[in-house]
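> Sequence:
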Amino acid sequence: MFIVYVSRDNIELHYLAIFTQLGVAVVATTILVTEKRLAIFILTSSMLPITIYLLLIGEFYAYVIAILTVVLAWVLLYGSRNTYNYLLRNQFQAYHDYLTKLGNRRYFVELLEDAIKIQKNDGKYMYLFLIDLDHFKTINDTLGHDIGDKLLIEVADRMKMLVKLNNSTVSRLGGDEFCILSAVYKDKNMCLEIAKEFAQELLHVIKRTYIIEEHHLYISASIGVSIIDNPKMTANTLIKEADIAMYEAKSKGRDGVILFNDELSIRIERKLEIERLLHFALEKGEITLHFQPQMNLNSEVIGCEVLVRWNNEQLGNVGPDEFIPISEQTGFIVELGYYILEESFKTFSEWDKKGINLEQLSINISMRQIFHTTFIEDVSKLCAQYLNQRLSSKIVFEMTETSVAEDISKLIEIMNKIKQLGIRFSMDDFGTGYSSLSYLRQIPIDELKIDKSFIIELNDIKKDTNMVKTILNIAKNLGLTVVAEGVETEMQKDFLIKENCTILQGYYFSKPLNREKFEEYVANRLKK
Numbered sequence: 000m001f002i003v004y005v006s007r008d009n010i011e012l013h014y015l016a017i018f019t020q021l022g023v024a025v026v027a028t029t030i031l032v033t034e035k036r037l038a039i040f041i042l043t044s045s046m047l048p049i050t051i052y053l054l055l056i057g058e059f060y061a062y063v064i065a066i067l068t069v070v071l072a073w074v075l076l077y078g079s080r081n082t083y084n085y086l087l088r089n090q091f092q093a094y095h096d097y098l099t100k101l102g103n104r105r106y107f108v109e110l111l112e113d114a115i116k117i118q119k120n121d122g123k124y125m126y127l128f129l130i131d132l133d134h135f136k137t138i139n140d141t142l143g144h145d146i147g148d149k150l151l152i153e154v155a156d157r158m159k160m161l162v163k164l165n166n167s168t169v170s171r172l173g174g175d176e177f178c179i180l181s182a183v184y185k186d187k188n189m190c191l192e193i194a195k196e197f198a199q200e201l202l203h204v205i206k207r208t209y210i211i212e213e214h215h216l217y218i219s220a221s222i223g224v225s226i227i228d229n230p231k232m233t234a235n236t237l238i239k240e241a242d243i244a245m246y247e248a249k250s251k252g253r254d255g256v257i258l259f260n261d262e263l264s265i266r267i268e269r270k271l272e273i274e275r276l277l278h279f280a281l282e283k284g285e286i287t288l289h290f291q292p293q294m295n296l297n298s299e300v301i302g303c304e305v306l307v308r309w310n311n312e313q314l315g316n317v318g319p320d321e322f323i324p325i326s327e328q329t330g331f332i333v334e335l336g337y338y339i340l341e342e343s344f345k346t347f348s349e350w351d352k353k354g355i356n357l358e359q360l361s362i363n364i365s366m367r368q369i370f371h372t373t374f375i376e377d378v379s380k381l382c383a384q385y386l387n388q389r390l391s392s393k394i395v396f397e398m399t400e401t402s403v404a405e406d407i408s409k410l411i412e413i414m415n416k417i418k419q420l421g422i423r424f425s426m427d428d429f430g431t432g433y434s435s436l437s438y439l440r441q442i443p444i445d446e447l448k449i450d451k452s453f454i455i456e457l458n459d460i461k462k463d464t465n466m467v468k469t470i471l472n473i474a475k476n477l478g479l480t481v482v483a484e485g486v487e488t489e490m491q492k493d494f495l496i497k498e499n500c501t502i503l504q505g506y507y508f509s510k511p512l513n514r515e516k517f518e519e520y521v522a523n524r525l526k527k
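FYI, in numbering that gives the first Met the number 0 the residues of the sequence shown are 0 to 527.
Among these hints, one or two may not hold up.
[Stated by the list, open to error] If you anchor each label on the Cβ, the simulated ranges turn out as follows:
| hint | residue 1 | residue 2 | range |
| --- | --- | --- | --- |
| 1 | Ala522 | Asn415 | 36 to 42 angstroms |
| 2 | Asn166 | Asn465 | 57 to 63 angstroms |
| 3 | Ile39 | Ser250 | 54 to 60 angstroms |
Read the hints as simulated data drawn from the structure, not as lab findings.
Just so we're clear, the structure is a prediction, and the values are computed from it rather than from any experiment.
Positions of the beta carbon are idealized from the N, C-alpha and C atoms, including for glycine.
Start from the sequences and build out the full structure, keeping to the hints where you can.
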């Protein structure tokens, strides 16, 4: 059109041709900014004819306008290029992590959605890793976030090198969590085997020493694996599956790999349901206390252990071995522990007024509860409210051996303050740990409780007899009372009496009873 118009004598057509070319050039560089080559082609093919036309006029003003046309073309090209680079940066930032330069969650989810489509169309298989660094928070807290960030960059670099060799893709979901999506495999078993091998290789690479600002750092990882074999699954569901498997790896001791399966899913879903319903248990009055009698060598009731029970309308009876660890993980144990203490102290006081005189009342205490900032204050307040000095001296707090080693010096300090109230301490499940003997003298305990696993084996006189005798000798040498829990047979009872075990407890005498039945049990024993 330009050539046709400028070949006419009508000068107005010349103006129309020139302004049309300019308009095309401006619109092209604006609309086609993402199509860089096409924009440059149209800009050149629009501005070059105008420049040639002006130069052919041969007048000074035409030369000036020709120069301005070239400048305008350069400005349009410069603006188009800057806009194009800006869009590229924005797109990169939208889909990549600013620290490690890996793809982010948004990028990975879209990548995963494409992988699901491939599985749907071709029936091929891929594996998904969710990787979480173990104890990374400790490094952040002790050495600072700058060191933590540099560690993350180094971990990301190692992963990038490894995934290139395995034709996979790695992204950072956030924090210290990373995801890896594999290449495509025709056979599911092959996919699974390669996933296992690659996961072990990844763990090995991550565990190699890091040297960051003269700090020698060591870190491991927990990996959850999910196989993409169901086209009906969504990207977020697959990530959730891998996440569930990863947390299972953490619960198994970290530095490991767990493959997601249906059994694991059911177990985790139940755990989450328990966690959710547990927070309403006290409010709904679903938590109750039971009491298991403790006997002396003459089979007389001298005390009892307080045991907590939970009956939920949805879940039914949930055992303490299931909900207590969840309570500790979520922090609910502090609230639950306070309730148990208050109800136990109140009941003990009421029994004393009824004439039910016991030598001791044993209550299990969690380490998380002991180390809570208000524990000493709470115990002092409850003692003042429900107990006198005589009754306080009969209270025994039981701590498990495996949890005692968290912070010995702080634990001893707290125990000594509690003992000023008259309360005694017992080490529960003694014999199941590995480090108690080294600091048994340090901790101000008054009682050892032999774990029932050793008592059960007393039925086979060849098995753990020596272990039980050793524990009894240790207690005797340290001047400690000994409680044997889990006594279920007459043979066990006779052996323990023969060895002068101080207190016996177990189903041979009685199962845990509610308050009313325990009171009846004590009354009936007194009649004999």
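> Now, for every hint given, state plainly whether the structure supports it.
Checked hints:
Remark: the range hint 36 to 42 angstroms for Ala522 to Asn415 is upheld by a beta-carbon distance near 38 angstroms. For Asn166 paired with Asn465, a C-beta distance near 58 angstroms keeps the hint of 57 to 63 angstroms intact. A hinted range of 54 to 60 angstroms for the beta carbons of Ile39 and Ser250 is consistent with their spacing of about 58 angstroms.
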